[in-house]
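Student: Chain residues, written in single-letter form:
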Amino acid sequence: MQRTLVGLIASVLIATACGTGTPAGQASPGTVATATPTQAGPRLLVIAGAGAPNSLDAHDISHTLTFGILSDSIYDSLLKFNAKSEFEPRIAESIETSSDGKTWTLRLKKGVTFHDGTPLDAAAVKYNLDRLAASKDPDLGRRLAQGTKISDFASTEVVDVSTVRLNLKAPSAVVRSALVIGLVSPAGVQKYGKDFATNPVGSGPYRFSEWVTGDRIVMERNPDYWGPKAYFDKITYRLVPDAATRVAMIQTGEADIATTLGPEEIAQLKGNEKLELLIQPSTRVMHIGINVTKPPFDNVLVRKALNLAVDKEAIVKSVLAGFGRVADSPAADGQVGYGPGVKPYGFDQAQAKRLLAEAGYPNGFKTTLMVPNGRYFRDKEIAEAVQGYLKQVGVDVTLQVQEYATHIAKLREPAGNYTLYLMSWSSSSGDAGVQFTQAFTCASIPTFNWNRLCDKELDTLILDANATVDPAARIAKNTVIQQRLMDRAAWLYLTIDNQAYALKQGLKGVFVIPQEMMFVREAHY
Amino acid sequence: MMKGFISRTAVAAPAQATRRTGVLVRLAEDNSAWLAGSMVVALVGAALAAPILAPSDPTAIDLANALAPPSADSVLGRDALGRDVLARILHGARLSLLLGCVTVLLAGGLGSALGLVAGYYRGVPDSVISRLTDVQLAFPPMLLAIAVVATLGPGLFSLVLAVAVSTVPSFTRLVRGVVLGLATRDFVIGAYAVGAGAGRIMFKHLLPNCLAVIVVQASLRLSTVILTASGLSFLGLGVQPPMPEWGAMLSDSRRYLLLAPHIPTTVGLALLLTVLAFNLLGDAVRDALDPKLAT
Amino acid sequence: MSAFLLRRLSTLPLVLLGVSIAVFAMVRLAPGGPAELLLPQGANEAELVELRRALGLDEPVWIQYLIWMGDLLRGDLGRSVFTNRQVVGELLPRFLASAELALLSMTIATLIGVVLGVIAASNRNSWIDRATMLLSLVGISTPVFWLGYLLILMFAVNLGWLPASGRGTLTQLVLPSVTLGLAAAANIARITRSSMLEVLSDDYIRTARGKGVRERTILRRHALQNALIPVVTVMGLQFGALLGGAVLTETVFAWPGAGKLMVDAILARDYPIVQGAVLVFAVAFTVVNILIDLTYAYLDPRIRYT
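Chains as they are written, first to last, in this note's numbering: chain A, 1 to 525; chain B, 1 to 295; chain C, 1 to 306.
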């Protein structure tokens, strides 16, 4: 039946297509790079991406996907992520930390220049770190998006032309996440000022070429790069908002990489020998946040009951089609400092009912769940599934679907008049400790702590763990924190999605880390 | 009053014969009217009887059977959350019909009234109405609907309001255009000459001549309303889950077209039949209202 | 005629003023604002307050409006809240892209729609009539994003004749404009048909037939001109809709048009972009309206002197 419908429409369309044509005189507004990696001709890479960056200023970019694809190609950074999400040196060839952990001495690579010819030396690095640390950027009138990662810095000193000293306020395990931010050319910022966002000057293997708003961003090879030369002459990042269209593009060969695919798209591409599928867990924890200040949710038994009432395995298997796993903690495996070994809540509706009765609600109660429609992968479906499960234990949930902007606005209102809300959360630092700080400490109410948990003891534990430089000790402390957060049940922990990409067969050198960043600077055929 | 309306003398002619008595007769004689009428009755009946006809609760999830193809157990298969498609289509019929009818009645009524007044009185009322319509039309279509939904929150009420608000100007303009064209028609001048008041002229003489266009536009708009709802769902601003609204179902099912073609096919067919029925009915009514078109 | 034109043009400033007030209010009525969405991760409440102040959102609404109008009259549409780029620089290329698509789509739609409508009307109740009307019904009831997707599947993925998305080459223009054109053609065909039928049974047509004038001349000279009035209305409305409302097609085909820009901007509460874009759209659409009115006057001389 489907085929006849398609056939009918098809024959009509073919008939029409033959009858019409483009009128003469339509101007072609410029060429676009097509992805045909032939021996002769230029080497081109086309990426079909889901979202556009807000800015190409390395310090102000807040879009995770293009942080990897674009920012990492145009800019160099002091440290970089490797495929295992570990930090490796790039411009900072070596780092020495003082015994008290508050002073870091970085030795920089020599002879590196920005795309505009100016040197990337200690003075430039200091400029970068100072710019990030500024509470208000003079051109923008507000703080730079990446600026909060640098909050532990006290000051930066130039020791000599290739040595920089960082002075921290206190020892910190999270400061490395600030060192993967791209380094901008001071001369470039002076020159372009407010327009630096659209005229980025870095030192990376690719140079910025053009940005056609809403359409594509093109980078071209930097022939003067100090490191391994770029393989491609041009990389084009095309903004393709619709997932089905991205799939079509990778099937027709119009794109070499298709980002941000879901299980339906993967199912359609499976078995296609011309493609390679890259599927990995992400670090995004989908959860239902519980406003612990609003009864009956101020009772931890109620919150635990909610966690027990939902069959998360079933949700992963059916709603996500196996495309993810159960969340066992507010942090995700893959985030730096993640502490393993925390037990997830099981699926036990009998126990849930018992806990509810113990809390004084044997017949359940009614409440509302705010859902940001269409923002996260299958968020609507997950909310509906949870609604179904909670109904089975007597909790009657009304879904309040709203736009993301409204969602965030309501969450950030100081009064906080909501009870349950759906959210998918991942700290852009990729660090579990930062995740805890942003989502659960008193200081983060109401900007990022929307469950409004305020536990002074917990705050101390979190701050202490973030200051613990020794990795093993830190992980142990984080495990304790995670277990405690599980017990406090300020979230109804749900799932961790996978992230999926499709690449043309034979494309190498591209890697993705759980923080949902994709790196292409070393891509080649 | 009638100042600007008649701009030059015309030969007086006998007033148009009333058509009321003939309408129903002509309707009864039209075969396509019977076809369309019965389709509409069937649709409305199915929609009203949905709770009885539906094999199961349209909101009951059954994750183990997600995207199941049609079988003995569920005649039209199941959707991504295992809900029965037939049940959702039936309950969706209620929603879509409600949505469509209320919106078209609201928008059509208000819009036509405005268009009549503007076209009849000309002068200042026309200017004001036309300018307001211009301001509203000068808004990009989807944007107004999205703004309403963003402000009021997604839901049936805001959807109706959003689409109705967006639909009013088209009725206003269309009716105004027709009324302007009728300005110098003989029967109108005749009525004025006989001393008929503004209201009488508008409703007894002008409106019936506009009805044909209004009816066709209304029947067109009915489907547009459902499609607009579908578009809003596509953008993530549709009705609240778990409401089985056809537009939302169509929009969601696009992502698993190749995995579960039974969903868009069945929902699409339901939509097609509904649109067909109302359009056929609209055509038949229009033919019946205008005796000149009777063959 | 020129007096008529001048009078219509004189309404433009009033309409624009109305639009500017309406969009300014409308976008601020929606809950939440750009500050909440722009806030960088890890910021605290004091920074949120400061951000609102920096964006000028702590002033009363009418003062914000006056500031915006003042800048506007000096030719400054402001900067996007999110990208910090000049609004004008964001709008112009997007509107150009939309216009390109709209023009081509309307051409296709008019060609197919009017021709089909006339054929259907002049062969009333024949199989041609029924077939074309069935076709246009299918066209009306297919959501445009479905049609576009099917076309992509057929012509890009299966046949490989055309690219799936994007803008820049002529081939990339084909699928999106055919999608929109077909959808619009269905509507135009129906209106043309019903309007033609109306006119064809008018007395003066019967008179012409009685006098022995050839059917084709009747169609072209007498009937079509008058029948086109409602058609032109619909065409004008549709062109406007395509210019700013083709967001579904723009999303499916990754066409960098103004429709998607406006929808994204309002969802992101990027006030300057929404305000600027709606104003530009309003100007374009009002101009199109004026052209329609001129066409009315051309088609029906009875309206001309009023």
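Derived from the structure by calculation, the hints contain no laboratory data.
Just so you know, even glycine gets a beta-carbon here, dropped at the ideal spot from N, CA and C.
Be a bit skeptical, because a hint or two may be false.
Claimed, not checked - Negatives, chain C to chain A, calculated, CB over 12 Å:
no. : residue
1   : F4
2   : P31
3   : P34
4   : L55
5   : M69
6   : R85
7   : L91
8   : L153
9   : R214
10  : A258
11  : L267
Said to hold, decoys possible - Computed spacing ranges between beta-carbons, pair by pair:
no. : chain 1 : residue 1 : chain 2 : residue 2 : range
12  : C       : L159      : B       : S71       : 11 to 21 Å
13  : B       : S127      : C       : A99       : 28 to 38 Å
14  : A       : E276      : C       : W62       : 51 to 61 Å
15  : A       : C454      : B       : R131      : 18 to 28 Å
16  : C       : W62       : B       : L98       : 16 to 26 Å
Student: Output the indices of the hints that this structure fails to meet, ascending.
Tutor: Violated hints (numbers, rising): 2, 3, 4, 6, 7, 8, 10, 11, 12, 15, 16; every other hint is consistent with the structure.
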